[in-house]
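J.: Each residue of the sequence shown is one higher than the last, beginning at 0 in the working numbering.
Don't read these hints as lab results, they were simulated from the structure.
One or more of the hints may lead you astray.
[Claimed, not checked] List time: in silico DMTMM-like cross-link candidates among lysine to aspartate or glutamate, alpha-carbon distance up to 25 Å:
(1) 24 x 84
(2) 81 x 38
(3) 56 x 38
(4) 24 x 48
(5) 16 x 92
(6) 56 x 13
(7) 56 x 44
(8) 98 x 38
(9) 16 x 38
(10) 109 x 77
(11) 56 x 77
(12) 56 x 100
(13) 81 x 100
(14) 98 x 111
(15) 98 x 13
(16) 16 x 100
Quick caveat, the model's predicted, so the values are computed rather than measured.
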Amino acid sequence: MALGISQVALYVDDQQKAVDFWVGKVGCTVTRDLPYGQDRWIEIEPPGDGARMAIMKAGPGWPKLDTDRPNYVLFHADDIVKAHEELSARGVEFTQPPKQEHWGWSAVFKDDEGNLFHLGQR
């Protein structure tokens with residue numbers, strides 16, 4: 000049996016602001032945008048490959064990301080230094096630029112709501 004991750008839910012305060020960040024700055028593509036109750040069901044796909052992210056409206060009691068450390072979505076790139084340069088040029092803020100660790104390359108960036116995400120190298 001083969002299993003894969005189809006999507007990861009990302010809970011945000013402002014869905015449109017999140018879409019603007021992930022599409023406009025990171026280069027993701029919106030693959031689905033439908034009404035979902037009073038909000039929207041929005042799926043985005045990262046450039047290249049990977050699981051889609053569902054941009055969900057956070058409500059009372061819904062899980063929020065921890066803005067003190069990288070969270071549930073970890074990205075990777077073939078060339079982390081080049082990815083860092085391209086994303087930075089698009090306005091993505093990195094709290095930790097690419098750094099060679101004993102276990103591999105690592106960087107950390109944040110979205111426009113202050114959530115932190117890890118970027119590694121394949």
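J.: If a hint holds in the structure, say so; if it does not, say that too.
T.: Structure-based check of all given hints:
Between residue 24 and residue 84 the alpha-carbon distance is near 12 Å, which keeps this suggested pair within the 25 Å criterion. Taking the CA atoms of residue 81 and residue 38, the gap is about 36 Å. The hint is violated against a cut of 25 Å. As the CA atoms of residue 56 and residue 38 are separated by approximately 7 Å, the hinted pair is consistent with the 25 Å bound. Proximity of residue 24 to residue 48 is assessed by CA-CA distance (about 17 Å); at most 25 Å being required, the pair is judged to hold.
The straight-line distance between the Cα atoms of residue 16 and residue 92 is roughly 15 Å, inside the 25 Å bound, and the hint therefore holds. Of the supplied pair hints, the one linking residue 56 and residue 13 holds, its CA atoms being roughly 7 Å apart against a limit of 25 Å. Between the alpha carbons of residue 56 and residue 44 the distance comes to roughly 18 Å, so the proposed pair stays at or under 25 Å and holds. With a CA separation close to 39 Å, the supplied pair residue 98 and residue 38 exceeds the 25 Å bound.
Pair hint residue 16 plus residue 38 holds up; C-alpha atoms about 13 Å apart against a cutoff of 25 Å. In summary, the hint linking residue 109 to residue 77 is supported, as the alpha carbons are separated by about 20 Å, within the 25 Å threshold. Distance check on the hinted pair: residue 56 and residue 77 sit about 31 Å apart at the alpha-carbon level, beyond 25 Å; violated. Proposed proximity of residue 56 and residue 100 is contradicted: the alpha carbons are some 35 Å apart, above 25 Å.
Taken as a hint, the residue 81 and residue 100 pair is honoured in the structure, with Cα atoms around 17 Å apart against an allowance of 25 Å. Between residue 98 and residue 111 the alpha-carbon distance is near 23 Å, which keeps this suggested pair within the 25 Å criterion. Restraint check for residue 98 and residue 13: not satisfied, since their Cα atoms lie roughly 31 Å apart, outside the 25 Å limit. For the suggested pair residue 16 and residue 100, the alpha carbons sit about 33 Å apart, so the restraint of at most 25 Å is broken.
In summary, the numbered hints that this structure violates are 2, 8, 11, 12, 15 and 16.
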